[in-house]
Structures are given as structure tokens and as C-alpha cells.
Amino acid sequence: MTGKSSGRIDTKLVQSGRRKEWTGAAVNPPVWHASTMLFDTVADLQKAAPANGTFYYGRHGAPTSWALAEALTALEPGAAGTRLFPSGVAAIAMALLTVLRPGDDLLMVDNAYGPTRAFCDGELRRLGITTRYYDPLVGAGIAELIGKNTRAIFLESPGSLTFEVQDVPAICAAAKANGVVTLLDNTWATPYFFQAIASGIDLSIVSCTKYIGGHSDLMMGAVTAADSCWKELERRAQLYGQVVAPDDASMAARGLRTLGVRLERHQQNAIKVAQWLATQPQVARVLHPALSDCPGHAHWARDYRGASGLFSIVLNGGGAEQRARFIDGLEHFAIGYSWGGFESLAIPADPERLRRSTTWGADGPLVRLHIGLEDPDDLIADLERGLRAYPYAPHSSE
Amino acid sequence: MKTPRHPSTIVAGARPDADPSYSSITPPLWSSDTFRWANSESKPHYDYSRTVNPNRDLLLDALAELEGATGGAITNSGQSATLLALLLVPADRLIVAPHDCYGGTFRLLKGLEAQGRLRALFVDMGDEKAFAAAMDRRPGLVWIESPSNPLLRITDIVARARTAKDAGALVVADNTLLTPVRQKPLELGCDLVMHSTTKALNGHSDLFGGALLAKDPALVERIEWWANAAGLNGSAFDSWQTLRGLRTLDLRVERQERSATLLAEWLVKRPEVLGVNFPGLRSHPNHELAGRQQGGPGFMISFRLTGDENDSEAFLAALQLVTLASSLGGFSSLICQPATMTHRGMPSEAQDKAGIHHSLLRLSVGLEDVGDLISDIERGFDAIGALAASAVGEQP
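Protein sequence lines, in the order shown, are assigned to chains B and W.
Under this note's numbering, the first residue of the first sequence carries the number 2, and numbering increases by one thereafter.
Under this note's numbering, the first residue of the second sequence carries the number 3, and numbering increases by one thereafter.
Source of the hints: derived by calculation from the structure; they are not laboratory data.
As the structure is a prediction and not an experimental result, all values here were calculated from the model.
Be a bit skeptical, because a hint or two may be false.
Which chain W residues stay away from chain B? Per the calculated CB distances, all over 12 Å, these [said to hold, decoys possible]: (1) 41; (2) 53; (3) 54; (4) 101; (5) 114; (6) 153; (7) 218; (8) 219; (9) 270.
Label pairs and their in silico Cβ distance ranges [as the list claims (entries may be wrong)]: (10) B:60 / W:53: 40 to 46 Å; (11) W:63 / B:382: 21 to 27 Å; (12) W:8 / B:240: 48 to 54 Å; (13) B:199 / W:164: 58 to 64 Å; (14) B:326 / W:53: 39 to 45 Å; (15) W:63 / B:199: 43 to 49 Å; (16) W:6 / B:248: 34 to 40 Å; (17) B:326 / W:26: 20 to 26 Å; (18) W:289 / B:31: 41 to 47 Å; (19) B:280 / W:25: 32 to 38 Å; (20) B:199 / W:342: 40 to 46 Å; (21) W:6 / B:236: 52 to 58 Å.
Partner residues aside, some chain W positions facing chain B, computed with beta carbon under 10 Å [stated by the list, open to error]: (22) 9; (23) 10; (24) 11; (25) 13; (26) 14; (27) 26; (28) 252; (29) 253; (30) 334; (31) 369; (32) 371; (33) 375; (34) 377.
Virtual Cβ for every residue (Gly too), placed ideally from N, Cα, C.
All chains, please: the whole structure from these sequences, using the hints.
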């Protein structure tokens, strides 16, 4: 047991990070509650240098968090390392601060997560960094948007409300040709379904709160870096004092061990539910990357190894009030933010309010569903009950 | 009567109602030892955590629903659950257990017998005559373990439970190896079902726990009474953590079982292997019975190597992916040599009688890629080959 796993991805999920010097004889590393590390002599103290994997001071981590970071790195072939952050948003913010300087120009995808946009429009603007929003389906056309001050392109694929799948390789190629750094929010697919670094991304961001932790009981983010950005990411994380608590790291690593079986089931259940929803008259559209009419579906089919449990539906007519009644009436879908846990969730979302460079139009209100690990037939029966009562508008052509 | 829910819906089913304060999706951890009374006369439902605790109840509710039980107790280890079952039987009664039962069960029964608290009789559960003869002695309790550990023999639970109950015995089944997603002993006629939750129910090799469940409300009351009186209940934290592990039970067992089936089919073809015990193989003597009584073959395999102790040692030492350790059912594959590890509590004569040969190895298949597991075991076989080659080389 070396902790360095050379096996296939399911083996890596079980093995990686479990170095003998961190776990001892146990299967799992202990939970190291430690702020101060002790040195035998003054000389040892003066000689020590803070580095990932070296005892120095609790802010630089301990085996519990190193094991998790190493495991996440192992899932991204070609990656140099991973840093952990106390939330997904902290990971996004730190990844952006790693690459951007005052005067820089950032290209941000227009289907991005609300808090990502808020960070750009508020904090980055205050630092003298401009953000321009681009069409998620721009593909190789991104080259035309790259200006002389453009330092970075941020991708979120698929977008977590409207699910456009981006042409990641094309965007990475254009970025590389222009010396521009790429950042991807890979939370939806996780490295299990999409290996971002090997696809050309410089900084791959995952909100571990979602599928990595997988049990709706912790907050955490991770940034995995290619060689190009690793040293700078490490330095930023240290300067800003970014650290995760050992209990959370231990819980997240525990979640990671079942990531494969959970994602496999989330995928199977979500596709079943999505395909069923696509045949319902009350549903105008199903935005699920594995379904052929999802924008960017061809990119998903070409680049992704699978699909997770999160997707949206557009209801056929009706408004916010009808939508709220539909969601309130569901039995197996709890109402709450986040996703990636074992349980099913439903929330209303209004993408039109967020868009900047593109517009969002639909036949009715949007509901985002997270399909959990319940029996999918129970979920379908639940949605069926809800939809039956939905006052949908038959198409105007009828 | 509620319609039975599918196991995955039971374990994943969000319980925001369980958190009366904030409706959190995952329950908070109620680590408090004691709870406030509104006044000295009205005892609150939760009064003292040795007796009753919300985290334990949440786990108990989920396990009971999975097993088709009405209640029971969550204990601090599998052995505590076994002890709890034995406490239900009056002193000096005869306890009948399988001759190849788990080493810890054997040790506890022998220990209590040595103190004169009970009389223990170990029988071959596959031997109908021997079993009938044991029932003629009117036992107080009959212990069933199917599949057995480590030999994976299958007991006809329906038949044995019926005979035992006719003889007036309480019937308990240790369901640790299969879990309720593959076998439901209460539906097969047992009175009690026992678990070491340390294993697949928790599934992450990071705690100790047990459970004893029953359908009959009168039995449940006795279990609760003894669990409280003897202080055998599990901690709030371990219950919380076990419930977290339980969320993925169905998925883990499915994957582990799929890999175990492929591994067993591969192992039978290897010349280094003398025999493979796996209920999913057609060659298993109880293959058909297992198919009837179980929802699947499970994820445990045992097999014997053809060589001697040096071969076993070389084989085990060469493994890099599969860890040499006791316990089973976790995400990570473990191998053990029961004779010197899990069944050390059983004297060698008893091991011989049970058929636990020194060269028998028990494999708990985890969530790794099955191709990588096969490569690792192949590495072990290569080491045996290398040993044989060097032995030949040493000859003058």
C-alpha cells in the first residue's frame, strides 16, 4: 500500500492518498487535529520550510488534508497538485486571484454560477479587472474575443442551471495559442467523468460540497492545477491563509471512496428520469447533457465519460406561482440549495435574470432537479403526481 | 400497513423531519448525554442517551425498515449485539450454533459456557439429522449464520428456523455478510436478526457497531430493556457515521458483488487454487438454495491455495492492492487467513472440525477496479511460482 495508485480510476478512488506514512496500519488516515507542530531543536525549526506534505504549522495542513488533496490530484492525470479551500466559492475566488492582476481582462462564460459572477462583478472589478461574458457555445470562436489584456478564460461546463456543454478542447487550444490561462468549474462532471487537466485546462475547480463529499454534510472546494499554475496556486493559497478543517477533510475523503458507485447510480437514475420527463406534455424541454437536444450535447458525447445527476426542465407554460406549487407538492424532492448529495432536490431558477451577453428564453419556468440515489421509479411516480396537477399550456399551434 | 419501500429509497430518503430545529437534510449529531425535563413528573421521550438517543433512533429506523423489523437496538459492536441476543435467554439454557460460526461468536459462547451461564452445542447446520437431534434437546436459542464465515456454506434458513421454532427456540440470524439488500432473515422465519454494522452497513472501515432487530414488539421491548440495562447501546457519533455509510449500501454491495462474481469465476480456473467457496458459482453445493434465499451471492469469497504455509506467506506478501487485515465489507479489498486471524478464537481441533484449513484465505471484495484486483492476485500467484522455482534451484 503506497497511496500512489497506478491503477484504473475505480482503483484510484479506493487507494489514492492512503500513503502508509499517513495512515499507519489503518485503512484510513487518522483525523489530525493540529495547529502547532513541534520540532526537536531550534535548528530543526529554522531548517523547516512550509510545503505540502511537510509538517510545519497546521495552516499548511496535516496528513488528513494532504491525503485528500493527493487523491484528487491522482484523479486528474497530468496534474501537478491540488489545494483545498473551505468552500467551492473560495476555490473559485482563489483560482481567479491566482491568475489575474489589475488591468487584466477575464472572459467569463455567460451561463456561470451566480456567486462566480458576483465575485467577478464585485470583487474583481474593485481590483481593476474587467470581466466580459461570452456565449457558452462560442467554441473556437473564443479566439476572436481574446484581446491584448485577456489573461484568462473561465469555463463552466455544463452550466449548472441551463446545462450548455462547452467545447473545452477548442477553447483550450485557442487559449494556448494566445498565451491565455484556462479555468474550468468541473463540479458537475468531477474528474470521474471529465479529466480537465488532460483536456488542456490549467486550473480545474471542484466544489467538493457536491459529489466529492456526496452526503450533504460538509462545505469544501478544491483547485487542481497543471504545472503551469501550480506554484502560483500554492503561493496564493498560503498568502491568503486558506485551510480546511481536518474533520471536513476526513468526511470528504470518506465520500470520495464511493464517488464511482454513486456517480454511476446518479447517472443511471437521472437519465431514466430525464427520458421520462421528455415524454411528458407538461414539460417543454429537458436540459440534460446526455439528451440529444441539450445545447452542446455533441461535446458531451465526444469528451465526457458520463453524466451526473443534475439537470433542468422547462415547464410548458405557467409561471412562478404554478412552479412553486409543483415543487412544494413533491414528496421525494427536498427543496434546498446545493446538489451532489445522496438525496433528490428541486429548486426554481430564473436564468434570464443572470444573462449578460446572451439571452435566455423559454416556454415556461425552469426547475432544476438533482436526482439522488433513491429508486428512480419512486422519483418518477412522485414527478408524475406533481405534473398531473400542473396547469400546462398546450402549444399555441394546437 | 405502509407499502414496503425499495432499499435505495429507504437509505437515501431525506429525513428533514428528523431535525426538529432547522430541517437539515442530514441529521445533526446529538452528542448530549442527557436531556432537559419540562418538569419532574413528565419524562421526555429522549431523557438519557444510554437509554435512547435521536441519532441511534435514525439509524435504527433505517435498519429496521430494511430488515422488515419493528425495532431493536444499535449496539457499540457486533459482539455486543451477539451478547444482547444471548441475554434474552434464561441462564443454563442450551444454545445451538453452527460448528463453523464466526470465531468471535464461538469464543463468547465458550466463555459463557465455562462460567456456567449457558450450555453451547455446535452442530453442522447442513447435517439434517444432527440438527434434528440438537432440536430434541429443546434449545433456548438457535444461531444461524448464512452464508457462513469464512466457508460460505449456506443454511436453509426457512427449514432450520421452522424446526427450531417448533422446538421452542428463539431463532437469530447473523446477517452481516449479505446485509438486508441481499437477504431478509425475518421474512425467512427468524425471530431476530443480528449485524456487525462495522462491516458493509457502514462500509468505510472507520468505526465499530452492531445491531439486533426483531419484528415481534414483545421481543423488541426485551431487546431495548437489556440494551439499556447492560449499557450495550452504541454512541451517537458512530450511529451518525453509520447512517452516512448506509446511504450508499445498495450501490456498494452491487459493485462489490459484481466484482466478486468475476473474481470467483477467474479463481476457479487457476491451478494455484484448490477450491473456491462462492455461492454464485454453479459448483457451490448450495448454489440453488442461495439463489432461492438470497437476492445475490454477496461479495465474500474464500479459497484454498494448493501449496503449503510458505506458499500462502509468499502469496500474501506479494499483494500490493489487497490489504492483509481482518474485517470485511469496507470500500477497500481485504484478505485474511481465518485460521490465524479472524478465527483465532476457535481452537485448532474446532477449526479442523469446521473445515477451516490453514491454507484457507478469505477475500472481502471492495470497490477497486476488478481488473486491477485480478492483476494483484496474479502478482500473488507469480510469487508462489517464483518460490517454487527458487526451491528447485536450491537442490544440489
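If we take the beta carbon of residue 53 of chain W, is the closest beta carbon in chain B still more than 12 Å away? Correct as stated: the minimum Cβ-Cβ distance to chain B is 26 Å, above 12 Å.
For the restraint on residue 13 of chain W, tell me whether the closest CB of chain B is nearer than 10 Å. 7 Å, holds
Starting from the hint 32 to 38 Å, judge whether the C-beta atoms of residue 280 of chain B and residue 25 of chain W obey it. 33 Å, holds
In this structure, is the beta-carbon distance linking residue 63 of chain W and residue 199 of chain B contained in 43 to 49 Å? Taking Cβ atoms as reference, residue 63 of chain W and residue 199 of chain B lie about 45 Å apart, which means the hint holds.
Could you check the hint for me, namely that residue 6 of chain W and residue 248 of chain B are 34 to 40 Å apart, CB to CB? For residue 6 of chain W and residue 248 of chain B the Cβ distance comes to about 36 Å; the hint holds.
Tell me if the interface restraint on residue 375 of chain W is satisfied: Cβ within less than 10 Å of some Cβ in chain B. 8 Å, holds
Close enough to count: is the Cβ of residue 252 of chain W nearer than 10 Å to one in chain B? 7 Å, holds
Look at the Cβ atoms of residue 63 of chain W and residue 382 of chain B and judge whether their distance stays inside 21 to 27 Å. Distance hint for residue 63 of chain W, residue 382 of chain B holds at roughly 22 Å.
With chain B as the partner, please determine if residue 11 of chain W meets the hint condition of a C-beta pair closer than 10 Å. 4 Å, holds
Any CB of chain B closer than 10 Å to the CB of residue 253 of chain W? 4 Å, holds
Quick one, is the residue 371 of chain W hint okay against chain B at 10 Å, beta carbons? 4 Å, holds
Over 12 Å to the closest beta carbon of chain B is the bar; see if residue 153 of chain W clears it. Holds, since 25 Å exceeds 12 Å.
The structure agrees with every numbered hint stated previously.
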